[in-house]
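J.: Here the protein sequences come in this chain order: W and Y. Every letter in the first sequence is one number past the one before it in the numbering used here, and letter 81, counting from 1, is 81. Every letter in the second sequence is one number past the one before it in the numbering used here, and letter 65, counting from 1, is 65.
It is possible that some hints are incorrect.
Unchecked claim - Quick list of simulated restraints, FRET-style, between CB atoms:
(1) W:Glu-137 x Y:Asp-46: 37 to 43 angstroms
(2) Y:Asp-46 x W:Trp-189: 46 to 52 angstroms
(3) W:Gly-144 x Y:Ala-69: 47 to 53 angstroms
(4) Y:Gly-138 x W:Asp-81: 29 to 35 angstroms
(5) Y:Ser-85 x W:Glu-53: 50 to 56 angstroms
Quick caveat, the hints were computed from the structure, so don't treat them as lab data. Quick reminder that beta carbons are idealized off the backbone N, C-alpha and C, glycines included.
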Amino acid sequence: MATCTSSLFYGPRLLPLSGRRSSPELSWRPQQVVLPMAKFELRTPPYALDALEPHMSKQTLEFHWGKHHRAYIDNLNKQIDGTDLERKNLEELVKLSYNNGNPQACFNNAGQAWNHDFFWSSIYPGGGGQPVGEVLELIERDFGSFEEFAKEFKAAGVSQFGSGWVWLILKDAKLSVLKTSNALNPLIWGYIPLTVVDVWEHAYYLDFQNRRPDYLNTFLDKLISWEAVAGRLARAKAFVNLGEPTIPEK
Amino acid sequence: MAATLLMKKMRSGAETARTMLGFHLWRRGLKTAMRQQEVLPDLPYDYNALEPVISAEIMRLHHQKHHQAYVTGFNKAMEQLNSTSDPQTIVALQSAINFNGGGHVNHAIFWQNLAPPKEGGGEPPEGNLASAIESEFGSLDKLIAKMSTTGAGVQGSGWVWLGLIKDMKRLTVETTANQDPLASKGLIPLLGIDVWEHAYYLQYKNVRPDYLKNVWKVVNWRDVAKRYDSA
Chain W
1 MATCTSSLFY GPRLLPLSGR RSSPELSWRP QQVVLPMAKF ELRTPPYALD
51 ALEPHMSKQT LEFHWGKHHR AYIDNLNKQI DGTDLERKNL EELVKLSYNN
101 GNPQACFNNA GQAWNHDFFW SSIYPGGGGQ PVGEVLELIE RDFGSFEEFA
151 KEFKAAGVSQ FGSGWVWLIL KDAKLSVLKT SNALNPLIWG YIPLTVVDVW
201 EHAYYLDFQN RRPDYLNTFL DKLISWEAVA GRLARAKAFV NLGEPTIPEK
Chain Y
1 MAATLLMKKM RSGAETARTM LGFHLWRRGL KTAMRQQEVL PDLPYDYNAL
51 EPVISAEIMR LHHQKHHQAY VTGFNKAMEQ LNSTSDPQTI VALQSAINFN
101 GGGHVNHAIF WQNLAPPKEG GGEPPEGNLA SAIESEFGSL DKLIAKMSTT
151 GAGVQGSGWV WLGLIKDMKR LTVETTANQD PLASKGLIPL LGIDVWEHAY
201 YLQYKNVRPD YLKNVWKVVN WRDVAKRYDS A
């Protein structure tokens with residue numbers, strides 16, 4: 001999310017002619033000059049901070065989005081300020097700074113900034129339940145049944161030792177579950193993420209304390225936005241052929 | 001008649017042998033099972049003893065839920081390990097054993113590393129440890145500052161340690177990720193500060209540096225010194 005900021009700049013400015021047909025006068029006056037700067041902004045989630053109650057408390061959102069996510073953005077901006085990484089968009093920055101497994105200093109903040117953006121858009125008030133249409137078809141194709149998917153997703157969540165994320169991804173034109181640790185995300189391996197749940201303790205500790213399995217159940221039953229998954233899948237189809245490639249006749 | 005008696009004797013001899021073997025195997029099995037069962041150690045103080053530095057709520061959850069889960073997980077993984085000889089299964093169990101076993105080892109040290117102020121928590125170290133800290137870091141304050149900064153910088157979950165390089169008898173500050181024990185870096189653990197979010201979140205929320213600033217008030221330097229002297 002690059003933004004342009006304006007800034008004061010002392011430079012020459014032409015003064016209007018004042019009745020004389022001679023060359024215009026120059027005067028050194030302050031003027032507005034627009035300097036492009038890549039500074040990431042903390043985007044607000046697409047719902048009020050208390051809209052996910054009682055499944056995810058307002059207090060959690062206030063800390064998780066308002067403090068943790070904000071800190072990743074602020075620290076990222078400080079880290080890339082004045083470097084050539086400043087002009088990249090966030091997705092490019094994540095992949096670049098991962099540096100094929102030898103991450104640069106700003107990778108952590110970049111990855112976490114991207115992950116949290118993706119997470120807030122992956123949940124919604126009144127979410128949860130089962131998907132419909134093509135998403136459900138693909139889940140049944142690649143996991144056997146929705147129940148099998150849910151089981152695998154939750155198992156990945158409880159077995160992610162330490163901090164991390166659990167993703168539903170599109171990999172090699174098939175849906176699969178992926179767990180990553182700390183700030184890692186599927187972009188760095190070229191997979192397409194469709195949804196995610198944050199299993200860092202700060203994501204659930206205020207509401208569930210140590211009960212990560214309960215949090216994962218609540219995520220699937222009450223929070224996950226299958227509409228978001230459908231939208232991302234539709235966009236992914238511009239790049240991935242999900243079915244068998246057909247040779248057109250004639 | 002003699003033959004029958006003889007055969008009876010032989011039969012009972014074989015039976016006895018089988019019974020003895022069975023008994024020994026049973027005893028060995030029992031020993032094995034007993035050796036593998038780890039138990040959650042009691043805290044050497046009440047849950048509220050470290051207030052206001054660490055709340056009773058955190059201590060209770062940390063001990064009764066998190067540490068207990070590591071103990072239970074470790075025992076379960078070891079049981080599965082002992083009931084298989086398939087190499088693939090054995091290898092697959094390693095991460096569960098390491099994670100849960102490490103969690104158990106680390107927390108058992110941690111509870112001893114802390115003490116309420118009236119039992120020595122926060123009192124500066126004396127003796128050999130104090131001199132070693134001074135010679136390695138300059139002063140206790142400098143060590144504390146270094147451990148706090150290092151702990152705040154741990155990405156994700158992990159621990160910050162004061163460890164000992166055994167053969168050089170030299171102190172060093174080190175971190176481990178997740179529940180990796182300090183032994184995995186070839187060092188002897190003297191003092192560990194848990195910087196997993198569950199260790200402080202309910203009280204300090206996202207402000208890990210505040211937790212690290214305050215935790216020194218309940219560090220039991222006498223326990224740390226004991227570990228140093230006996231290493």
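J.: Under the constraints set out in the numbered hints, which ones does this structure not fulfil?
T.: Violated: hints 1 and 3.
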